[in-house]
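S.K.: Residue numbers (my numbering), protein chains in the order written: chain A, 526 to 687; chain B, 526 to 687.
Since the hints were derived computationally from the structure, they do not count as laboratory data. Keep in mind that a hint or two might mislead.
To be verified - Straight-line alpha carbon distances no greater than 20 angstroms define the calculated EDC-like cross-link-like pairs of lysine to aspartate or glutamate that follow: (1) K606(B) / E672(B); (2) K629(A) / D564(A); (3) K629(B) / E548(B); (4) K606(A) / D678(B); (5) K606(A) / D641(B); (6) K606(A) / E654(A); (7) K606(B) / D641(B); (8) K629(B) / E565(B); (9) K606(B) / D542(A); (10) K606(B) / E640(B); (11) K629(A) / D546(A); (12) K606(A) / E565(A); (13) K606(A) / E640(A); (14) K629(B) / E672(B); (15) K606(A) / D542(B); (16) K606(B) / E548(A); (17) K606(B) / D678(A); (18) K629(A) / D542(A).
Quick caveat, the model's predicted, so the values are computed rather than measured.
Number of protein chains: 2
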Amino acid sequence: MLRTILTRRSVRRFTTDPVTDAELRDLLRAAMQAPSAVDERAWQFVILSGDVLASYLDLNGNTPRGAPTGILVCCDPGLEKVAGYAVQDCSAAVMNILLAAHAKGLGAVWTTVFEDHRPAVRALLGIPEAVVPFAFVPIGRPAARPEPADRYDEGRVHRNGW
Amino acid sequence: MLRTILTRRSVRRFTTDPVTDAELRDLLRAAMQAPSAVDERAWQFVILSGDVLASYLDLNGNTPRGAPTGILVCCDPGLEKVAGYAVQDCSAAVMNILLAAHAKGLGAVWTTVFEDHRPAVRALLGIPEAVVPFAFVPIGRPAARPEPADRYDEGRVHRNGW
């Protein structure tokens, strides 16, 4: 497991091979095992593929193309028990998706949905006004897998005080 | 790895057995392998133990007692390349700490540092004003390990539209 965490890298180039429904379900199961503020689970997930995915990518130039599918993670403030914590819930869920994908030999990358783009994303997908498209994770088989990089920085570690 | 994600639970009761420096380093290494917005890594970590940990717990009644140590994860907006993304960076780092702890047989739980408590936490630990104490993760050996719970909810999954 530690090895999975240490060797995971963002994957931005994909083959055209499909991702199965069972694989997506495993990733979503991993996402929903994330902890959340007082177990509120203030998240929603939209699987994108085909023409809808293509339209989404046209709206978000920052997202790598080429993956056959992906998961749009949305914050649902209507589910919050503690105001303002949905971003943390959803970030934890995204992290689990990325790790589960890597563990299964899939590639994925955390891309943001910029605030400016959210109205168009809502319109494209029929997402309720109160729900916030938060992050999109393209998922596919890696065309190239970046080498692991050790990001440990002792300078960020403090002991019993700054 | 998927099993580690699926079986992880929040641990709130700990034995008095110590956690080694090597174990803590592994958890911090895992934390810093998290992705961050344009790789900004807007995080800092403070290891708490002994009297300092006891004083921290006196300030934060919401945090379970009994763990011999823990990691305070702080957002450092001064390191942000994209304003406002440190919370996402730090949430991903916390998720990796929780998974790495579980993988190593340790117990951990994500506790929040409430805004009201932050000035006192900064004063206790000498944390710079610009740095935000974000989450504290107590770490120890589980006195009780909760049974895995399947949180998958098909109702949160949408396909190519709401």
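S.K.: Okay, which hints does this one fail, numbers in order?
M.R.: Going through the list in order, the structure violates hints 1, 2, 7, 8, 9, 10, 13, 15 and 16 and respects the others.
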